[in-house]
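Undergrad: First to last, the sequence lines map onto chains A and B.
No gaps in the numbering here: position 162 of the first sequence is 162 in my numbering, and each next residue is one more.
No gaps in the numbering here: position 8 of the second sequence is 8 in my numbering, and each next residue is one more.
Hints in this document: simulated from the structure, not taken from any laboratory.
Please note that a few of the clues may not be correct.
Which copy? The list can't say, so a pair holds if one copy fits it or any two copies do.
[Unchecked claim] Dumping the calculated SDA-like pairs for lysine to any residue here, alpha-carbon to alpha-carbon at most 25 Å:
hint	residue 1	residue 2
1	K58	E146
2	K64	D173
3	K70	R28
4	K48	A182
5	K64	I171
Number of protein chains: 2
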Amino acid sequence: METATTRRTRITPEREAELYEAVLDLLREVGYDALTMDAVAARTRSSKATLYRQWGSKPELIAKALRHDKPTSLEDIDTGTLRGDIHAMMARSDDCQMERDTALMRGLFRAIHDNPELHQALRNLLIEPELTGLNDLLRRAVERGEVAADNPALEFVVHMMVGGFAARDLIEDRPVDRAFLAAYIDAVILPALGV
Amino acid sequence: METATTRRTRITPEREAELYEAVLDLLREVGYDALTMDAVAARTRSSKATLYRQWGSKPELIAKALRHDKPTSLEDIDTGTLRGDIHAMMARSDDCQMERDTALMRGLFRAIHDNPELHQALRNLLIEPELTGLNDLLRRAVERGEVAADNPALEFVVHMMVGGFAARDLIEDRPVDRAFLAAYIDAVILPALGV
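For reference, chain A alone in the conformation it holds in the complex (with noise of 0.2 Å):
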C-alpha cells in the first residue's frame, strides 16, 4: 500500500478529476474496444508511461474514471427511512447525467461480456461496493422493523433497479430521469418490498 500511497501523491485530485472525465467522454464517443490508452494519454496531455504506472491497465483505470463519477457514496446515505434512503440513492445523479449514464452502461454492457479484465475492474471497485453498500441500507430498514427480515425481495433489489434504468432505454426508448425513477420506485420497489 506505500507505493500505492507515494503513487498517488504524484497527480493532484483536480488532476485526477480531469483526467477520470476525459476517460469517459472517450468512452462515451468511441467505446471500450476502440478506447486505447495513446488516445487518453493525448486527450490528457500525459504519457503513457504515467498512465501505466498510475493504473497499471486499461479496465482499471476506466473502472476508476467511472467509480469517480459516482457523485455520492451509497455509505453517505442515511435518512432514517428505507423509502428516504431508496429515493437519495436512485436520485444521486441529475437528469442530464443519469442519460449519460445510459450511454455509458450500453456501451460497457457488450465490453464487459468480451472482456473479463474489464469485468472484473468493475465488479471490485464498483459493483461490489455498492452492492455493500445497498445491503448496508436495507439491513438498517430491517432492524428499524420496515422490511420483514424473511422478505424475499429483499434479494431482488438491485434487479428491480436496473430494470427501470434498462427497459426505459431499451423498450420505452427515453431517457431515464427523476421523475420516472420517483415513481418506480414507489410503485414496484417498496411494494415489493412490504413498505
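Could you slot chain B onto chain A? The hints should help.
TA: Coordinates of chain B only, in the frame set by chain A:
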C-alpha cells in the same frame, strides 16, 4: 400485401426456420455489426438476391429471426390467473435457450442504439407485439379483479421483467434460469402488483 404473400410462398416453412436459426447463430458468433448478408448467404447456401427479395434488409431479417425464435406467442397464454400467466410467459424458453437469449441481448443492446433501422425493425416485429400481449394479459387480470385497475406497478411490469434478466447477467454474472425467474416473479412482480 399481395406481393408479400407471393414472396412468402417461394420458401418452405422448414427452409425459413433453418435460415432464421443460421442468422441467430451468426449473430451470437460475430455480433450485429460484423453480420453481413454475404455471411448469411454463404452459411445458408442462398443467394444474396433471394435474401434481399425475401426480407428487404438486414435489420428486418434479424428482427424476423428473433421473432421466430420465440417459442410461444403471448396470445396463446391464458391460464385463468395472473400468477399462472406470468409464470407461463417468463418460462416460455428452457434454461439453455435463456442462456442463448441473454448472449443475443448483450450483443443487440449496443447495436440497437447504433442502428436506428434495427431498433425500428425490432420495435415493430418484437417489442410492440410483446408489449401488446403483456398488456392483454394484465388487462384480463384487472378484469378478473386480481389487480386493482389503478395499481401504479401495472405500467412497470416490463421494467421488472427486463431487470430480472439484465441484472442476473450483468451484476450476478450468472445465467438466468427457470428457478431464478420463478423466485423473482413471486418475490417481486406479483407483490408489486398486489397479488
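Undergrad: Each hint needs a verdict: does it hold in this structure or not?
TA: To see whether the hints hold, each was checked on the structure:
In the homo-oligomer, the alpha carbons of K58 and E146 never lie at most 25 Å apart, since the shortest distance is 43 Å inside one protomer and 52 Å across protomers. Within a single copy, K64 and D173 get their C-alpha atoms only as close as 29 Å, which misses the 25 Å cut-off; across copies the closest is 20 Å, which meets it. Within a single copy, K70 and R28 get their C-alpha atoms as close as 16 Å, which meets the 25 Å cut-off; across copies the closest is 33 Å, which misses it. In this assembly of identical chains, the alpha carbons of K48 and A182 never lie at most 25 Å apart, being 43 Å within a copy and 49 Å across copies at closest.
Taking identical chains as interchangeable, the C-alpha atoms of K64 and I171 lie at most 25 Å apart only when they sit on different chains, with a minimum of 17 Å there against 30 Å within one chain.
Checked against the numbered hints above, the structure violates hints 1 and 4; every other hint is satisfied.
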